[in-house]
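With chain A's structure known, arrange chain B on it following the hints.
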Amino acid sequence: MDYLALFISAVLINNFVLTKFLGLCIFFGISKNLSASVGMGMAVTSVMTMTSILAWLVYFFVLEPLGLQFLSTIVFVILTASFVQLLELIIKKQAPTLYNMWGIYLLLIATNCIVLAVPLLNVENHYTFLQSIVFSIGSGLGFALAIILMASIREKLAYADVPKPLQGLGVAFIVAGMLGLAFLGFSGMM
Amino acid sequence: MSVKESHAHELWHIFSKGILEQNPIFILALSLCPALAVTSTVVTGLTMGLTVTFVITSNNCVISLVRNYVNPKVRVPVYITSIATIVTVAQLVLQAYFPVLYKALGIYLALVVVFAIILARAEVFASKNNLGRSFLDGFGMGCGFTFAMIVISAIREFIGAGTILAGTPFECTALLDAGYAPMLMMILPPGGFMLIGYLVAATKTWNRRVEEKKKLAELKGKGAEA
Chain A
1 MDYLALFISA
11 VLINNFVLTK
21 FLGLCIFFGI
31 SKNLSASVGM
41 GMAVTSVMTM
51 TSILAWLVYF
61 FVLEPLGLQF
71 LSTIVFVILT
81 ASFVQLLELI
91 IKKQAPTLYN
101 MWGIYLLLIA
111 TNCIVLAVPL
121 LNVENHYTFL
131 QSIVFSIGSG
141 LGFALAIILM
151 ASIREKLAYA
161 DVPKPLQGLG
171 VAFIVAGMLG
181 LAFLGFSGMM
Chain B
191 MSVKESHAHE
201 LWHIFSKGIL
211 EQNPIFILAL
221 SLCPALAVTS
231 TVVTGLTMGL
241 TVTFVITSNN
251 CVISLVRNYV
261 NPKVRVPVYI
271 TSIATIVTVA
281 QLVLQAYFPV
291 LYKALGIYLA
301 LVVVFAIILA
311 RAEVFASKNN
321 LGRSFLDGFG
331 MGCGFTFAMI
341 VISAIREFIG
351 AGTILAGTPF
361 ECTALLDAGY
371 APMLMMILPP
381 GGFMLIGYLV
391 AATKTWNRRV
401 EEKKKLAELK
411 GKGAEA
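Chains A and B are the protein sequences, given in the same order.
Counting along the first sequence from 1, when you hit position 46 you're at 46 in my numbering, and nothing is skipped either side.
Counting the second sequence from 1 gives a position; my numbering is that position plus 190.
Derived by calculation from the structure, the hints in this document are not laboratory data.
If you're wondering where the values come from, they're calculated on a predicted model, not measured in any experiment.
Ideal placement from N, C-alpha and C gives every residue a C-beta, glycine not left out.
Zero decoy hints are in this set.
Across the chosen pairs, the derived CB separations fall in these ranges: (1) THR395(B) <-> TYR159(A): 20 to 26 Å; (2) TYR159(A) <-> GLU313(B): 32 to 38 Å; (3) MET190(A) <-> GLU361(B): 33 to 39 Å; (4) PRO372(B) <-> TYR159(A): 34 to 40 Å; (5) ILE90(A) <-> VAL314(B): 24 to 30 Å.
Footprint (simulated), chain B over chain A, 3 or more residues, beta carbon under 8 Å: (6) 16-26; (7) 74-88; (8) 115-122; (9) 166-174; (10) 180-188.
The following block holds chain A by itself, in its conformation from the complex:
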């Protein structure tokens, strides 16, 4: 039951994008296109789970016994960045269309705050190994949910008559605010 609560809280109540503002570069950059958003959501979820397992092991079996906790930021960044690079290579080989769509954001996902935040939060909250896995899957799915919702709205929004200064990023932010307002309703769940 504890794990279920943790999972739901990570997906809905403490949604990474809409209440913690993590991964916004990708969220606004990719969400113009629904299919790319689905791909990105899945990629972020899998990368996040794998890196947080790795980071958990490194922190509790290497850094803590050696008393090197202050190095955690540097170690986590390098760990996540190299992992994302690996994923990048695989995607480049296997799905070149998706690779082309991501464009500039490929460099940015390698050092993305959403991927780095999970290991940091795992350590900060002293999650056990299983808890950290549940938390990272939940956070990843929360991101995927937010970006897919956003992309669906923005695809419709492309046909709307938006005032000129608000076109593009401006209206995207306001829509995100409204989504956030809706997600705020979940905070009463627990």
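Okay, now just chain B, sitting in the frame of chain A:
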């Protein structure tokens, strides 16, 4: 214009472009996580702004100094390691001297490492320019970032809590004393998103006006020559 003057003008432009013309938050829309996450009060917003200014300026200097010794193939890992080291320094200093602020910034302080703007300046500017220019560019971008943080956090704190700089000797609670009922939404996440949306629109309009004026002046100048 003499050569010296145009040189000074160019340097000034390297510094000043980060403040409005290419403001990291309003125009480039990079590094938005902090702009929303730590701007519910002016104090945390300002601290984050100054930290980022420190990190981006020092990192630009470091990258500019090592730019000729780094193999282009491994440049990104080198940038990231440099940024992470500087951020760790900032983290330890804040933790030692300002523990309250350190707690308030929480996880977002460590996340300065992955702010896109810092990596972007290293890649776009510092890896191609000398020390002085890179310093000016980093400092200008940092100032633009701090400016944006102050604007956003001041509006959010003022509307959402009715105060400005609460908890410091300079706090201003005149609005609250006059019986203002704070609009809580502004210090909650959705208010932050909406405010940024309107601010992006405002800067866009401002920049378009400036450009139109420039074009008009050019046309007039041409007319006078003819």
